[in-house]
Amino acid sequence: MEYQKAAELNSMGKGKIVTEYLCRNGFSELTVDSKKVSVQHKNDTSRKETEEESPLPALEAAYTTILRGLGENTDRQGLLKTPLRAAKAMQFLTKGYHETIYDVLNDAIFDENHEELVIVKDIDMFSLCEHHLVPFFGKVHIGYLPSKKVVGLSKLARIVEIYSRRLQVQERLTKQIAMAISEALQPVGVAVVIEAAHMCMVMRGVQKMNSRTVTSAMLGVFREDPKAREEFLALTKGAQ
Amino acid sequence: MERSKQKQMSQNENETDAAINGHFDGRAKVPGWSAGGAAGTPSTVPSSSVMESWREERTRSLEDNEMSLPSIAAAYTTILRGLGEDPQRQGLLKTPWRAATAMQFFTKGYQEKIIDVLNDAIFDEDHDEMVIVKDIDMFSMCEHHLVPIFGRVHIGYLPNKRVLGLSKLARIVEIYSRRLQVQERLTKQIAVAITEALQPAGVGVVIEATHMCMVMRGVQKMNSKTVTSTMLGVFREDPKTRDEFLSLIRS
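Chains as they are written, first to last, in UniProt numbering: chain A, 1 to 240; chain B, 1 to 251.
Errors might be hidden in some of the hints.
Cut-off 30 Å, straight-line C-alpha distance, at most; resulting in silico cross-link-like pairs (DSSO-like, lysine-lysine) [said to hold, decoys possible]:
no. : chain 1 : residue 1 : chain 2 : residue 2
1   : B       : 134       : A       : 139
2   : B       : 221       : A       : 88
3   : A       : 208       : B       : 108
4   : A       : 88        : B       : 225
5   : A       : 95        : B       : 94
6   : A       : 139       : B       : 221
7   : A       : 81        : B       : 113
8   : A       : 208       : B       : 221
9   : B       : 94        : A       : 88
10  : A       : 208       : B       : 113
To be clear about the criterion: a stretch of chain B counts as covered by chain A if any three or more of its residues have a C-beta under 8 Å from a C-beta of chain A, and this derived list gives those stretches [as the list claims (entries may be wrong)]:
no. : stretch
11  : 70–76
12  : 97–110
13  : 138–146
14  : 213–221
No wet-lab data here; the hints were simulated from the structure. For clarity, every value in this text was computed on a predicted model and none was experimentally measured. All C-beta atoms, glycine included, are put in the ideal place defined by N, C-alpha and C.
Can you build the whole structure from these sequences, using the hints too?
Right, here's the structure in full:
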C-alpha cells in the first residue's frame with residue numbers, strides 16, 4: 001500500500017517530502033479508515049529523527065535576500081539579526097510538522113461511562129495561510145459524543161496546536177482536527193467549528209477588516225442527527 | 001537598486017550607522033527644512049535622528065518591485081523547503097510569488113512620498129481648536145520577526161491657521177506603517193510628518209497595537225497590547241491640552 005511504502009521511504013531518511021505529501025492529501029476521503037490514518041499519523045513527521053543538518057542557515061540567507069529585495073538596508077541596527085529571528089519564528093510557526101498525534105494522545109484516553117456531549121470551546125488558534133504565508137487566527141470549538149472513551153481536555157487543544165502550526169488552509173485544518181479525534185477515540189460523533197480572521201484578506205487584497213471565515217466539520221452522529229448538531233451549535237454560540 | 005542605495009549613502013555625510021526604515025538619516029542637509037525653518041514653531045520640531053527629510057523619501061519604485069520579485073520568490077521557495085514542505089504540491093505551487101507580492105504590499109510605504117500625498121490638501125482655515133481623527137486601523141510588520149503588527153492610531157493636532165484634509169492623516173499612517181517598523185518609531189514618524197507639513201501648535205499621536213510576534217510565538221500572551229504615544233508642541237508642554245486629547249480619544 002502506498003502508506004507502507006511511504007513508511008519505508010521515511011525510515012531510510014529519503015522521501016520525507018513524499019510522505020508529507022501523501023499524508024496531507026490522504027485527508028480527502030470522508031470515511032475514516034483508522035488503520036490507514038493511524039499509519040499516516042505515525043509517519044506524519046519523523047522528520048525530526050531523520051534531519052540532522054539544520055535548515056536554519058538556508059532560511060536565514062533566504063530572509064536576507066527578501067529584506068534586500070524589499071529595498072531595506074540589512075546592515076542597519078534594527079535588521080542585523082532579523083533573518084535569524086524571522087527564520088526561528090517561521091520554524092516555530094510551523095512546528096506542527098514535527099509533532100505527532102500519537103505522542104500527544106497516547107496516555108490521556110480514559111474509560112468513562114459517559115455518553116453526553118463534551119465540548120471544549122474558544123480554543124485560540126494561530127496558523128499560517130499556505131497561499132500567502134501570512135497568519136490567520138481565530139477560535140476553535142470542538143465537541144464530541146464519547147462512546148465509553150473520553151480524552152483529556154487539554155489534548156483537544158494540543159491536537160489543534162499540532163495541526164494549526166503548519167501551512168494551512170482553514171477547510172483542511174478543520175477536517176484534520178475532526179479526523180484525528182475520530183480516529184483516536186472512535187466516538188459516536190465529532191464536531192469542529194473554526195472561526196478565523198485571515199490577515200491575507202484584512203491586511204492586503206480586498207482589505208476587509210471585520211470579515212471572518214467560519215468552517216465546520218461534522219462527523220458521525222453530528223452529521224446524521226440534526227438535533228445533536230443543533231445542541232452543539234447552541235452550546236458553542238454562547239460566549240463568542 | 002543596490003547602486004542607487006550606494007549613491008544615497010555617499011550623499012549622506014559620514015553616516016556609518018545606517019538608515020532608519022531604509023531611509024537615510026535626517027541629519028543630511030535638506031534645503032528648506034532645517035530645524036528652525038518652520039515659521040513660528042521652532043520648538044515643535046524635534047532634532048532627533050528619527051526626523052527625516054519628508055520631501056525626499058522614496059527608496060523603491062514599481063520597476064524595483066518587478067525586478068526584485070523573482071529573487072524574493074526564489075527566497076520563499078527556499079524557505080518552504082527549509083521548513084520541510086513540498087513546494088510542488090498543489091496548494092504551494094504559486095505560493096512563493098503570492099508571498100513575495102504580499103510582502104511587497106506590506107512594505108509599500110517605501111514606494112510612497114509624503115509630499116505626493118499631502119501636497120494639495122492643506123487649507124487655510126481660521127481654526128485653532130483641536131482636530132482629532134481616531135480609530136485609524138493600522139497594519140505594519142515587525143522589523144525583528146517579520147510578523148504582522150496591527151492596531152489603531154489616534155491622531156490629534158492643534159492647527160495654527162492651517163488644516164489638513166482628514167483622510168491625509170490616515171494616508172500618512174499608511175505610508176509609515178506599511179514598512180518594517182518598530183512601534184515607537186512609527187508613532188514618532190507620524191507625529192513628525194504632520195508637524196513638518198502643517199507647523200501646527202501641537203500634535204499628539206497614540207498607537208495601540210497587538211504584536212503577533214508576542215501573541216503567536218515567544219511569550220504567547222493573547223490579549224496583550226502595546227501603547228505608544230508622541231506629544232509634540234503644546235501637547236507636550238500643556239497638560240490640560242494633553243488631557244483633553246486623551247479623554248476625547250477614550251470616549
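We went through each hint and held it up to the structure:
no.: 1; hint: B:134 to A:139; in the structure: holds, 28 Å
no.: 2; hint: B:221 to A:88; in the structure: holds, 18 Å
no.: 3; hint: A:208 to B:108; in the structure: holds, 18 Å
no.: 4; hint: A:88 to B:225; in the structure: holds, 23 Å
no.: 5; hint: A:95 to B:94; in the structure: holds, 22 Å
no.: 6; hint: A:139 to B:221; in the structure: holds, 15 Å
no.: 7; hint: A:81 to B:113; in the structure: holds, 28 Å
no.: 8; hint: A:208 to B:221; in the structure: holds, 25 Å
no.: 9; hint: B:94 to A:88; in the structure: holds, 23 Å
no.: 10; hint: A:208 to B:113; in the structure: holds, 25 Å
no.: 11; hint: 70–76; in the structure: holds (count 5)
no.: 12; hint: 97–110; in the structure: holds (count 10)
no.: 13; hint: 138–146; in the structure: holds (count 5)
no.: 14; hint: 213–221; in the structure: holds (count 4)
In summary, this structure violates none of the numbered hints.
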